[in-house]
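The letter at position 360 of the sequence shown is residue 360 when you use the UniProt record's numbering, and the numbering goes up by one with no holes.
Keep in mind that the hints are not guaranteed to be accurate.
[Stated by the list, open to error] The list that follows gives simulated cross-link-like pairs (lysine-lysine, DSSO-like), each with its CA atoms no further than 30 Å apart:
1. 397 <-> 520
2. 375 <-> 520
3. 501 <-> 397
4. 475 <-> 375
5. 375 <-> 476
Everything labelled a hint here was simulated from the structure, so no lab data went into it.
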Amino acid sequence: MPSSAGPSIDKITEGGRVTQVGEGQDADETTPPVMTFGAPTAGEILAERYELVEHINNDSAGRLVWRGVDVVLRRPVAVVMRYPGGNSATEMLQAAVAASRVIHPNLVGVYDAIDEAERAYVVREWVDGQSLRELVSSGPLDAARATAVGNAVASALASVHATGMVHGNVHPGTVMISDDGRVVLADARTDGADSQESDVRAVGGVLYFALTGYWPHAEAPLRGATAGHGRAAIPDAVRDANGAAAAPRQVRAGVPAYLDDLTMDLLDGEIAPPSSDVLAAELARLDVPDDDYLDNSGPLRFAAETGDEPSPLAAAGGRKVALGIAGLLVVALVGLIIGITTLGDDDPPAQPVAAPSSSAPESEEPAAPPIRNLKISAARIIDPDSRDRAEVRDAEKVFDGNRDEGWSTQTYRGSSNFGNYKRGMGVWIDLGGPHTVKSVQVNLSDTGASAELLTGTVDAPSTNSGDNQILTAYKKNAIGQPFEAHDGTTMTFNGFDADQKYQYLLFWITDLPANGNGFKVGVNEITVQGS
């Protein structure tokens, strides 16, 4: 998983301690974990591959967290170990296997899951940084950074939900911020206690915590929201006589009204939440420079009934917010000016200033249209180094809605880079016209492929020279970071320019996974989201 991809919050970390807990709170270091045989030791090598280097901590579920090294790939890893293994570790291992199938810049990469009966362990990406819970312990985040965190978490959930799965463990302990500002979500659960809706409501809890430093979910779920796991050490929210949590603006001055309303809507069990992809699109729309958050009359999250294109959340449903804030501010300002001028003994009374008509056009820019699945009008296989063009058939299967089959390469012998015969192969898609693109998700037949997403404006003939012309032109315009030998069957690309329109995209494969006696991969389905 690329270390630099995905939404980040610049300068949000300040060289704090390293954490890899993910379950929320550190267990008492003096409390020994339950073991059926000797504890692991530094220098021990697990599965003939993962060397244990340093015991970091124990999480609130009693699991041991170690820093390790993959001695084959020479990369740092986190090893989360549980005693005993077997049936008692089933949920942890199932969650790890499910998480390994989804690749996203804002999800912690899962590399391996092993059950040795006496103990079980999950090997995942090592993140240098700290959890959101630890970060906020030194003070709440400003609105821009809280929005960036919420956007990253919602984007990660959108990629999980697109596969039909549920994360089930979203809270300040599983949201991690690396030292370079990358926000990642860790430690999914598969115990069946949660749903995609509760995942989305949990983003409201994360936003509330980031803005206030308090957790809005009491022992009993707050207005329909899910309480979750392992959060006892997080301060509880300020509550009224009925047990309802105070809104962020009531807890802390300076929280923008639109972000306050969005957060409380997500926590309100009587308001149907949007889907995770719609929520991610809305938070991305609100993810603007810090200065824009100083004005509470800034971009509103729900559009008024003006006939303009609604925001993604307005299209998904939710209560409307009146666009009267700017008018009230003008009236208040006029009154203030009149009041100040009448205080002067030497100056004549100020003449009344007419307030602007309520029918004047709104100053806010029209809200972005809702995010949806874009229609792919055509696709073809790009194979510039072939001789017989035998592999360019079946491109239409990559957008037929069937994830069980698609286009596939032939089997190559000798090496993963197409047997040293080709620079690669790819799938070129045409969206039928220019579109704003939010993300592209590619479902593959096997794990272990390397690929990147490219874009351009060239539409050349389906020949060797035409394919070479497309590849040469598109190589100059990569979208996000490439995925190298990834451990899942889904790749999600999010690095699109919001101010640019896209029509042609190229999913370019550079390395194939092992398959039987050679190397081969299939592209089962490509999904493009945008407007």
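Right, here's what the structure says about each hint:
1. 397 <-> 520: holds (17 Å)
2. 375 <-> 520: Roughly 28 Å separates the two Cα atoms, so the pair holds.
3. 501 <-> 397: holds (25 Å)
4. 475 <-> 375: holds (24 Å)
5. 375 <-> 476: Holds, at roughly 25 Å.
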